[in-house]
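Undergrad: Spelled out from the first residue to the last, the chains are:
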Amino acid sequence: MLERGKISALQMAFMMNPTILATGLLLVPAITAKTAKQDLWLSPIWASFIGFMIVFVAYRLHRLYPKETMFEYSEQILGKIPGKIVGVILVFYYFHVTGIIVREYGEFVSGTFLHQTPMVVIFSTMIIVSSMAVYGGLEVIGRCSEMIVPVLLVLYLVIFVMLLKDLDTKNFFPMLENGLGSSLKGSVVLQSWFSEFILVSFFFPYLRDQDKGMKWGMISVFSVMFYMVLTNVMSLLLFGKLTASLTYPVMVAARYISIADFLAHLESIVMALWVAGTFIKITVFYYVLVLGTAQWLKLTDFRTIVLPIGFLLILFGIWSAPNLQVLSHFLSTTAAFYLLSIQVGFPVILLIIALIKKKRQQMKGSITG
Amino acid sequence: MDLLSLHLFENEAVLKSTFTDCPDVIFRSFLIGNKTKALLIYTEGLANIEEIDKHVLSPLMQQETTRLPDIQTILEQKLSVSKVKPFTDTKHAVQEISSGNPVMLIDQQLEGITIGLAKWEKRAIEEPIAESVVRGPRDGFTETISVNISLLRRKIKSPNLKMKSLVVGRYSQTQIVYMYIEGIVDPHLLDEVHNRLNRIDIDGVLESGYIEEFIEDDPYSPFPQILNTERPDVAASSLLEGRVVILVDGTPFVLIAPTTLYSLFQASEDYYQRFMIGTLIRWLRYIFLLIALLLPSTYVAILTYHQEMLPTTLLLSMAKSREQVPFPALIEAVIMEITFEAIREAGIRLPKQIGSAISIVGALVIGQAAVSSGLVSAPMVMVVAFTGVASFSIPRYNASTAIRMLRFPMIVAAGTLGLLGIMLGILAIIVHLNTIRSFGVPYLSPMAPMKGEEMKDVLIRAPWWSIKKRPRLTGYSNTNRQPERQKPNPLKGTE
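As given, the protein sequences belong to chains A and B, one line each in that order. Residues in the first sequence are numbered consecutively from 149, following my numbering. Residues in the second sequence are numbered consecutively from 220, following my numbering.
If you are wondering where the hints come from, they were derived from the structure by calculation, not from laboratory data. Among these hints, one or two may not hold up.
In silico SDA-like cross-links for lysine to any residue, where the CA-CA straight-line distance does not exceed 20 Å [what the hints assert, rightly or not]: (1) LYS182(A) with VAL377(A); (2) LYS154(A) with ARG691(B); (3) LYS670(B) with GLY153(A); (4) LYS675(B) with MET295(A); (5) LYS254(B) with THR292(B); (6) LYS154(A) with GLY671(B); (7) LYS670(B) with SER156(A); (8) LYS687(B) with GLU703(B); (9) LYS670(B) with GLU287(A); (10) LYS304(B) with LEU259(B); (11) LYS360(A) with LYS670(B); (12) LYS360(A) with GLY671(B); (13) LYS670(B) with MET295(A); (14) LYS154(A) with ARG656(B); (15) LYS182(A) with LEU472(A); (16) LYS338(B) with SER301(B); (17) LYS154(A) with ILE655(B); (18) LYS154(A) with LYS670(B); (19) LYS675(B) with LEU499(B).
The following block holds chain A by itself, in its conformation from the complex:
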């Protein structure tokens, strides 16, 4: 096995939280508000079903091939050459997606704080820190998330509590004005975020307590859903119909915080915390990309390709979109289908084929036996 480290299921759950939430919290309220209007807080709940499903699919696949990741068992399920082709699609897909995430991070930082700093500098500083963690392997990433994520989750709740006095519950109404349809429509884009839970399939083989993998996977889906609902409620009650027209509602919300007339304008601190979450997200994707590439190429050690891939990720970050408008448009339209087809379509098809194969083998076994 390429990865010798082991993580606990709890660590995996901690890793998955910012992996979905980091970019989600920034963009989701605005994107869902466009279609779901005042029912946007319902959309994460619908979207989370995809999350629960995908964890289940990943777990079933894991049960069939307990020691392998998707890059490895796709070759077993589909045969050598189709499996390799699936592998190359996955590798390029993760290159692209990680590039997009790096770009989202860069756009956010340069758009809100460091207007003058070149994008490459923002990308590369983050990639350097991430590559340190990826180089350390899964164990290091798991431990880092175990330290960072609980703090982030609690502090995020603190932000919510500090905004309580500015929230206006009238913004909830009229509830379900257009029936469930609009909130369901709003959940389509969100589903692409939840479908990222397929990443758990890359961690299941390395869990110390494999039987708890499913449980903690589900718990992390639930917690992600909870935080998304919270975010959407927060921006809805704070901004009402304005939510849709803001790029980063949470950041604007952070400006409302004022403690004792002394601590005000905390958005820089919120940004710093968000960066910590994004770090986990980028690291997790980066790690899966490196691990997958190494497994696809049948390398003996993934550490040799960490830095070259990191360099490519900076390039993919630059290539992924010409500007924020295009990126945001892509994310709220095409990306949903793109992400869903690979992150949900692929594993589901793989599972179906694997199950059929298993059935056949059993039937064969019963005939010959």
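Dock chain B against the given chain A, drawing on the hints supplied.
TA: Just chain B, lined up with the frame of chain A:
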């Protein structure tokens, strides 16, 4: 192996040629019972001459019998010294003489005798300077390894306190002893310590720092992966947690392995004061740790990039004080931090009488003059001073040096990328701390990987009756520290 010869003059010749130009090695020949030739060799200043005269030379020289004495009878009847040992090898004799033990050779005998009467001037047991306490034992280790071992034995009287000894240093021949409690320590850890110590090949070991650099896990980390202490109570408590204590002859600093980050921020006194104040002080220390690491960089970041975070009045007063300052905040911070480090270093190295002069110069010239001349702003002086105070509150000197070192890259990161830079710096430190291990134990344990039970020695200082388990990674073979239900209660024993 150069075995002793039967003829005394041959042995004498070998040893004399070994110790040519060593006038401190004395060869004293005498006759046992007026007949048998014998030779006593000792090093001046390292042997207890009065005891030798009284218990070795006089009983042997006054012996009346003319019978040829054999080694066994001499050992059993003549030498009234408790620590004697026969040997057959000249190399052994050379080693014993060098380390201070007198050696006796007798004609027509294939064996010699080493007499354990080494004695030299040693420092008395004093209160350790680097780790002083208000409440707690005041004895500290000294430069003599036998004294240090006895200090530990005084704390842990169980026969399970074991030790293994080895000699490192081709020229210095330094004795190194590692101690552990059998039944608590992890045997794998013991093997690892043994192997790492045995791999060392160096010409001389003058301080335990030499050993530390040879056996640590990650030599390129700014964080110390092996704890050192001058206090026997700290060493004893580590032994009880299943750690290994390494004593090096010639230095009062003993090494403790494995070490986690949190043990660097714990003082022995935390455990002697009542647990509430222990907890509070521990948290104060964590806050000061963050201040020591981050205050100057946060100040630079806010002044350079995030002025909006400051309340208007504070911002105005800061702007006023910075009006005349010619440097950007980053340069100002780096200059002041370097100045502070210089004053601190000078204060340590100088003799105590002049040391106070440095603090006057530092306070007056750099504090007052720099501000009034407008080269440095007053808030920056405050920030640097507060950072300095904060870094003194870290109980372990080598941990505070790690923080001091990391402060500078953090200032640069803050000056170039603002709070983002600070955050990336913190993340890099967290990642680094998660990658290093100390003798196989993750450095951040029990925080990551998380061990709920052990966190109560990190987040709080739990009362002694509730610390029922040893740290799992070092003391897993014998985890139970004390039985349940020891919480004090006046009704106890009455029901």
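Undergrad: Does each hint fit the structure? Answer for all of them.
TA: Cross-check of the supplied hints:
no.	hint	verdict
1	LYS182(A) with VAL377(A)	16 Å, holds
2	LYS154(A) with ARG691(B)	18 Å, holds
3	LYS670(B) with GLY153(A)	18 Å, holds
4	LYS675(B) with MET295(A)	16 Å, holds
5	LYS254(B) with THR292(B)	16 Å, holds
6	LYS154(A) with GLY671(B)	19 Å, holds
7	LYS670(B) with SER156(A)	12 Å, holds
8	LYS687(B) with GLU703(B)	7 Å, holds
9	LYS670(B) with GLU287(A)	15 Å, holds
10	LYS304(B) with LEU259(B)	14 Å, holds
11	LYS360(A) with LYS670(B)	17 Å, holds
12	LYS360(A) with GLY671(B)	18 Å, holds
13	LYS670(B) with MET295(A)	12 Å, holds
14	LYS154(A) with ARG656(B)	15 Å, holds
15	LYS182(A) with LEU472(A)	17 Å, holds
16	LYS338(B) with SER301(B)	14 Å, holds
17	LYS154(A) with ILE655(B)	16 Å, holds
18	LYS154(A) with LYS670(B)	16 Å, holds
19	LYS675(B) with LEU499(B)	13 Å, holds
Hint compliance for this structure: no hint is broken.
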